[in-house]
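Sequence lines, in order, name chains A and B. Under the numbering used here, the first residue of the first sequence is numbered 2, with each subsequent residue one higher. Under the numbering used here, the first residue of the second sequence is numbered 419, with each subsequent residue one higher.
The hints are simulated quantities; they were obtained by calculation from the structure and are not laboratory data. Owing to the predicted nature of the structure, the values given are computational and were not obtained by experimental measurement. Hints are not guaranteed to be accurate.
Only part of the chain A face toward chain B is listed, based on derived beta-carbon distances under 10 Å [said to hold, decoys possible]:
1. Val21
2. Thr25
3. Gly73
4. Val75
5. Arg77
6. Ser144
7. Asn237
8. Thr252
9. Val258
10. Ala273
By construction, the Cβ of each residue, glycine as well, lies at the ideal position given by its N, Cα and C atoms.
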Amino acid sequence: MNLNYLLRRLVTLLLVLFGVSLLTFAIVPLVPGSPARIRLGIQATPETVAALETQLGLDRPLPTQYLDWISGIVLRFDFGSSLITDRPVTGEVARRLPATLQLALVALLIGLAIALPAGILAALKPGSFQDVTAMVFSQLGVSVPDFWMGILLIVLFAEVLGWLPSSGFVSITEGILPWLRHIVLPAMTAGLISGAIMTRFVRSAMLEVLGQDYIRTARAKGLHERRIINKHALRNASISIATIVGLQMATLLSAIVVVEIIFAWPGLGSLALSATLQRDYPMLQASVLLFATAFAVVNLLTDLSYALLDPSVSYG
Amino acid sequence: MAKAASTSSSSASTFKEFLRRAMRHRLLMMGTGIILLLVLVALLGAQLAPYDPNMMDFAVRFAAPSFEHPFGTDEFGRDVFTRVLHGAAVSVRVAFIAVLISGTIGVLLGALAGFYGGWIDEIIMRFMDILFAFPAVLLAITVMAILGRGVGNAMIAIAIVYIPIFARVARGAVLSVRGRDFVTAARALGRGNGRIIFQHILPNALGPILVQTSLSLAFAILAEAALSFFGLGTQPPDPSWGRMLSEGRAFLRQAWWMGVFPGLAIMLSVMGFNFFGDGLRDVLDPRMKTRT
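Isolated chain B, as found in the complex (with noise of 0.2 Å):
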């Protein structure tokens, strides 16, 4: 127990450096900001937002931004602005149940391979190989293909997509701590290996997995949009940002409004999930630097 404590209040101390490193980190800060904006939104834009976002109002078609309609309307009346925030939930949640989903699995399937190596490593890592030999889009579009349009379906889609990257940085941060002495030492006390796996080897690898995590969510709303935006992800008459680009796509000339916002929309959430993972790997590993 003493040991244990011990362990805590150092670790606690590395935390607080971490933090310290962190708030002086303007990508990470940049990145979190638009990250907590983005699910504050997420969270509460359906409050937010002025009006119903499934509203016709033939009264204002194609109304350019104002103060009544920050964002304009589109081709049926309805208020962009508000669809803009709707589809912010859409995003969200697509993102994370993916990434979760992809996280798990390729986590779980890359330390088993790490930690046992052999046969298992051998195995698991092929099977990783054929689903990396397919262009993210196209598996993507092939699973759609198998499963069914649909929202639920997309996210199975972009997990699968990202389990075998995953997998891959998994591995990697497992072997290069496997054989340290506190893994040893675990063993040495007769620690099971589900134990070693969980308690000792993850958490050190904690690291480059929350990395991945934030450049995959990055990956998950583009690709989300883009299934959308082809016509297998959000059906309509539901606001994602895809689809909204896909229905403003035929009005750009008359009303850039439509495609302007839900694009920008997706960028800037996909520009955070980037500066944070990107910072994340800056301030956790000061050697990899990308700036001097």
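Isolated chain A (complex conformation) (with noise of 0.2 Å):
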């Protein structure tokens, strides 16, 4: 990977970057009322719905309040006040940013945990029951909506059988068993599904090393079939499944803005979907705003580990 490539997809990050702003600048403009006359209801007059505009700044031109908006945001991390309740978004955010990091990450850790073992024994036996079931869940796993799933697991874990608690967040420092219960089930609604399509992409990394010639020449020299695997199969499939990893977690993420919405988990994704409800846009920008941003920076590290892990590829 040459420093001319990184160069070029770094500055398309920040172009993207600065597409994805103007993109999220663009709600409240677009959204039909303003924002003023959201924070006041309906019973305001004209006057003082007047007043608050020219307080926040709605009267400039569009391109002043989008340079404005940004550079708080840039600058400060300052993304304006919520519509409803007048507080920053910014502490709002900061609260639930660790609730959604969590999330994803023992979402990730649980598809992990499923599509190894689950794709490199399908992978071995092609054809075989152990591929079969593989396969079959798989395609359950991409076919199953999450919302539904989510919805099954809270009325037999936690309303049936009564184990777990069905929705709410318990953070890690209250103790290590309440914030692993809370977090089992949204984390296993989120896991399950992305384990699913990764077991696809294991099980085709590891067909595809294992029908290289060098594990022919290892078998023919007689090696242990266990070492052939350890060695030089999963050695080599490691590269794209490295790959498939980081594609993993921009499609976890979306998955886990469903997630928190059914189990009522206070991070970024419900909290775009209450503000939607609500109208409060600068609290939809900021989620918007962070997702995507996290979106668009995995992408790009997948990218690039892509580029730096495989040789054999050059981009010029």
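Using the hints, put the two standalone chains together into the complex.
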């Protein structure tokens, strides 16, 4: 990977983020009605609405408003105030960010814990019972609606069996066990689905490596099968598997939005929906902007790791 | 003209060969079967349904599945089977219209980008990158925040989410056939760019686009259900699978059928389009076969 490629990708990332910020900013001018009206309610007189609009700077030209808005975010991490509670959005976002990150991380771990063994076992004996089982599981996971699976898990584990809480979040500082009990169902929902998708990729990455000449050579040499898998196949398949993990992070973030809503998980995804339903646009802008930034950065890191890990792929 | 005739006869035999392979592909056939069933139910469901979807009958609230009510009844005594049948029409309509919109716009943009290259390519694809930078569900929610609730706006939101994917697929497909001899030949014959794109390039890029269409239909059904589940898509009392799930959610302990059957309907439909798309990819490109 050369420096030129790295620089070009970084410039592209900045351009994409600029575009993302423009689109996110455009939410407020695009929605019918003024934010001042939303904050003051329908009883407010036109004069008080106009006064608040002036105070919020909504009467200025859009480019000025955009520059003001984006510089506040970039320089001071200031997303403005909620239209509902009038409190700064940044505080709310900062409170919710850790919850989303924890959920994403645990879900990814669950997904990997499923996909790695399932995909490898499937690839070892193509067409066998274990392969078919893994592929059926994968197909089910791709087709099952995430919110439906969340509901079913809640009914089974929270309502019928009563083993786990049905919603909510407990900070890890209040004890590992309560934290774990709250995070396990939402993380399972997102993890099972991304695990199902990853199983396919792990399997095909493994199959591809197992078909290579050096595996045949290793077999011909009389190496023990376990040694062939561990030393030769897994190590080479890990390149494409690393890429899959990166790509899955992006898909996972999308599933996290849904899972947060189902489990009333106090993260950025559920914030986006409640902000939409309440028409609290600064809140929506903040969560959308943060999600999209994380998404774009993960995508870039994935591409870079791919270029780094696979020397045979050259980028001009 | 003679040339045209010979191409069509050779493409007819390719098509026969394609059909032969398609018929032998189990996944593709299963997908086709499920899609046919779904479309049939969407078209005829209203006639087949035993009850009125919104008729409330408080004498049979929360009735378990039985001969009279195969999928049971909900908290208003409405027949769940009838509502699932009616929901198919909503799902299919939203999914097909949304994918038609995003497919048309996406393929057009992708074809332009791939064909002309240069700054046209840069501008179009960078804009696609920007749309692509939003997680799918979040982008749909954001578009709904701007447009407002309702099933029509849900179609637009879903369409916008999938435009960049179609653009990428179409661009890739166009790039891979752009340099082929028949395109050079068409150019040498003095054909205009529009004709080259629509008559020579796009038909040859049809395979990947069809595969993407099928996979997008699966996503669109999921997305419509999710948006309706969140209260942003189909509005009450219209039956939609996503809405039925959100309404049934509170009663799942006493009436599991309210949550199970609409969910199964969503899953089966999504599976049908996934099977079809995956199978089609196998048949169109045997090298990418996922089964060994």
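Status of the hints after comparison with the structure:
| no. | hint | result |
| --- | --- | --- |
| 1 | Val21 | holds, 5 Å |
| 2 | Thr25 | holds, 8 Å |
| 3 | Gly73 | violated, 20 Å |
| 4 | Val75 | violated, 17 Å |
| 5 | Arg77 | violated, 23 Å |
| 6 | Ser144 | holds, 4 Å |
| 7 | Asn237 | violated, 18 Å |
| 8 | Thr252 | holds, 8 Å |
| 9 | Val258 | holds, 5 Å |
| 10 | Ala273 | holds, 6 Å |
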